[in-house]
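Peer 1: Residue-level listing of the chains:
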Amino acid sequence: MAEPTITLNVTRYRPGQDQAPTTQAYAVPYKQDWVVLDALNHIKDQIDGTLSYRWSCRMGVCGSCGMMVNGVPKLTCAAFLRDYYPHEIRVEPLVNFPIIRDLVIDMSDFLDKLKSVKPWIIRKEEKPVAQGEYLQTPAELEAFHQFTQCINCMLCYAACPVYGVEPKFLGPAAIALGYRYNMDSRDQGKEQRDVIGNHDGIWDCTFVGECSVVCPKDVDPAAAIQRSKVDTTKNWFQSILMPWGER
Amino acid sequence: MTTEKTTEPFWWALFSAGGVVAAFLVPVHIILVGFALPLGWITDTGALYRNWWVKVYLFVLIVLPLYHWAHRFYFTLNDIGLKPINKTLAVLCYGGAIIGTAVTAWILFKV
Amino acid sequence: MSGTRPDPSKLYRPKIPATWWLRKKSYFLFMLRELSSVFIALFLLVYLYQIYQLTRGPEAYVAFSRRLSSPGWIFFNLIALLFAVYHSVTWFQSTAVVLPVRLGERLVPRQIVTALHIGAWIVVSLGVLILFLALKG
Chain A
4 MAEPTITLNV TRYRPGQDQA PTTQAYAVPY KQDWVVLDAL NHIKDQIDGT LSYRWSCRMG
64 VCGSCGMMVN GVPKLTCAAF LRDYYPHEIR VEPLVNFPII RDLVIDMSDF LDKLKSVKPW
124 IIRKEEKPVA QGEYLQTPAE LEAFHQFTQC INCMLCYAAC PVYGVEPKFL GPAAIALGYR
184 YNMDSRDQGK EQRDVIGNHD GIWDCTFVGE CSVVCPKDVD PAAAIQRSKV DTTKNWFQSI
244 LMPWGER
Chain B
52 MTTEKTTEPF WWALFSAGGV VAAFLVPVHI ILVGFALPLG WITDTGALYR NWWVKVYLFV
112 LIVLPLYHWA HRFYFTLNDI GLKPINKTLA VLCYGGAIIG TAVTAWILFK V
Chain C
462 MSGTRPDPSK LYRPKIPATW WLRKKSYFLF MLRELSSVFI ALFLLVYLYQ IYQLTRGPEA
522 YVAFSRRLSS PGWIFFNLIA LLFAVYHSVT WFQSTAVVLP VRLGERLVPR QIVTALHIGA
582 WIVVSLGVLI LFLALKG
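Chains as they are written, first to last, in the numbering used here: chain A, 4 to 250; chain B, 52 to 162; chain C, 462 to 598.
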C-alpha cells in the first residue's frame with residue numbers, strides 16, 4: 004500500500020530571473036510526527052535542492068524558521084502536518100517583508116529597528132566590579148521577565164497590519180525589547196530609548212493585538228506597547244505640569 | 052524621554068478618557084434616549100437638563116467620546132491607505148471634536 | 462561584523478491592499494471595534510440635538526422624542542447600541558491587558574479583571590437609570 008502523502012504549495016522566487024513569486028507543489032510523505040520544517044527538509048534533500056529557506060534549532064528557540072503556513076505566521080518547526088492533513092498546505096515567506104529568494108525574507112529593517120531601541124543595560128555610571136553584582140528581587144525580575152523571552156522570529160511583524168501599511172513603524176518585537184530594558188531595575192537608559200516614544204514608535208500602534216496572538220513565546224508585545232503608552236503619557240503630563248520635577 | 056516634539060500623549064489621554072466614559076455610560080443612555088423615551092416606557096419633559104450638575108455630567112458624557120472617536124477614526128483612515136493626506140484628516144477629526152466641544156458647551160449653557 | 466545587505470534591485474516587495482482588513486476574521490473584528498467609535502459619536506450628536514430642542518421649549522423636546530420612535534431611528538439606535546456594547550466589552554478586555562492587577566504576589570487573571578469591569582458597568586448603568594427615574598420630575 005502506498006505511503007500516504009500530503010501536498011505543500013510552496014512559494015518560489017528566483018531573484019534576477021522571476022518577475023514575481025510563483026507557487027510550486029510538492030508531494031511529501033505524510034508522517035504523524037512531522038512538522039512543516041521536516042517536510043521542507045525532505046523537499047530539499049530528496050526532491051528539489053534549489054528550494055531556499057531558513058532554519059536552525061528545529062525546536063522553537065532560535066526564531067529562524069518563521070513562515071506563513073496557510074496564511075498564518077508560524078514557526079515551521081512548530082506546525083504539525085497532522086493539523087492540516089489531508090488538506091494541502093500553503094507555505095509562503097513571512098508577509099510585510101521584502102523577499103530575497105523563495106521563503107527567505109530580508110530582515111535588515113527589523114535588525115535596524117532592534118538596534119535603535121538599544122537593547123542592552125544602560126547605566127549612568129557603571130558599578131565597579133569590586134562592589135559586586137547587581138541585586139534583583141523576584142518581583143523586580145517578574146516586572147520584565149516575560150519580555151525577555153523574545154526569539155526575534157518576526158512572526159509579530161508579519162501579523163501586524165500597521166507594519167504592513169507603514170513600514171516605518173518600529174514594530175512589536177523592537178518595542179517589547181525596549182520595554183524589557185526600560186522595566187529592568189538595573190537599567191537607567193529610558194531617556195536614550197526615545198525612538199519608542201516617537202511618532203513611528205508606540206504611537207503608530209492601534210492595538211490590533213495580532214502580534215501577541217501569533218507570538219510563539221508568549222511575550223505579549225501588545226501589552227508591552229500599550230503599557231509603554233501609559234508610561235510615556237504619564238511622563239509627558241508630569242513634564243508639562245511639573246517641569247521642575249525629577250524624572 | 053522623547054526628543055521629538057510630539058503631542059501624541061495628549062490626544063491619547065483624551066482618547067482613553069473618552070473610551071472609559073463611552074464604555075461605562077453610553078449603552079444605558081442609548082437605551083433611555085433611543086428606546087425608553089420614544090417607545091413610551093417612561094415619560095420625560097427634559098426638566099432635569101436645567102440642573103447644573105446634570106449639565107456637567109452631560110458635557111463629560113458627550114465631549115470626551117468625541118475625542119475618542121477623533122483619535123480612533125484618524126488612525127483608521129490612516130490604516131486604510133489615506134496616510135498621504137493625514138494632515139487634512141487630523142484637522143477634520145480633531146478639529147471636529149473641538150468644534151463639537153464648543154457646540155456642546157454652548158447648547159448646555161443655553162438650556 | 463558588518464554583514465552584507467541583499468541587493469535591493471532584486472528584492473520582491475509585495476503590496477498591501479487597502480482592503481487588508483477584509484482578509485482575516487481578526488482584522489475584520491478589529492475594524493468593527495474601531496468603527497464603533499463612529500456610531501457612539503453619532504448617537505451622542507443625536508442626544509445633543511434632542512437636548513438642544515429644550516431651548517425651544519419642552520414641547521419641542523417631547524416632539525423630537527416622538528420622532529425617534531420611527532422604524533428608521535429605532536434601527537439606527539439598535540445598531541448604535543450593538544456597537545456601543547461591543548466597544549464596552551472590547552474596552553474592558555483591553556484594560557485588563559494594559560493595566561495588570563496584582564493581589565499581593567499573584568497576578569489577577571485577565572478574564573477576572575474584565576468580568577469585574579463588566580460588573581461595574583452593569584452597576585453604573587443601573588445607577589444612571591435609577592438616578593434618572595428619581596430626578597427627572
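Hints listed in this document are in silico derivations from the structure and should not be mistaken for laboratory results.
The reader is advised that the hints may include incorrect statements.
[To be verified] With a cut-off of at most 27 Å between alpha-carbon atoms, the simulated DSSO-like pairs for lysine-lysine come out as follows:
#	chain 1	residue 1	chain 2	residue 2
1	C	Lys486	B	Lys161
2	B	Lys134	C	Lys486
3	A	Lys118	A	Lys34
4	C	Lys476	A	Lys171
5	A	Lys118	C	Lys471
6	A	Lys171	B	Lys138
Peer 1: Confirm or reject each hint.
Peer 2: Going down the list of hints, with the structure as the test:
no.: 1; hint: C:Lys486 - B:Lys161; result: 47 Å, violated
no.: 2; hint: B:Lys134 - C:Lys486; result: 24 Å, holds
no.: 3; hint: A:Lys118 - A:Lys34; result: 41 Å, violated
no.: 4; hint: C:Lys476 - A:Lys171; result: 15 Å, holds
no.: 5; hint: A:Lys118 - C:Lys471; result: 25 Å, holds
no.: 6; hint: A:Lys171 - B:Lys138; result: 17 Å, holds
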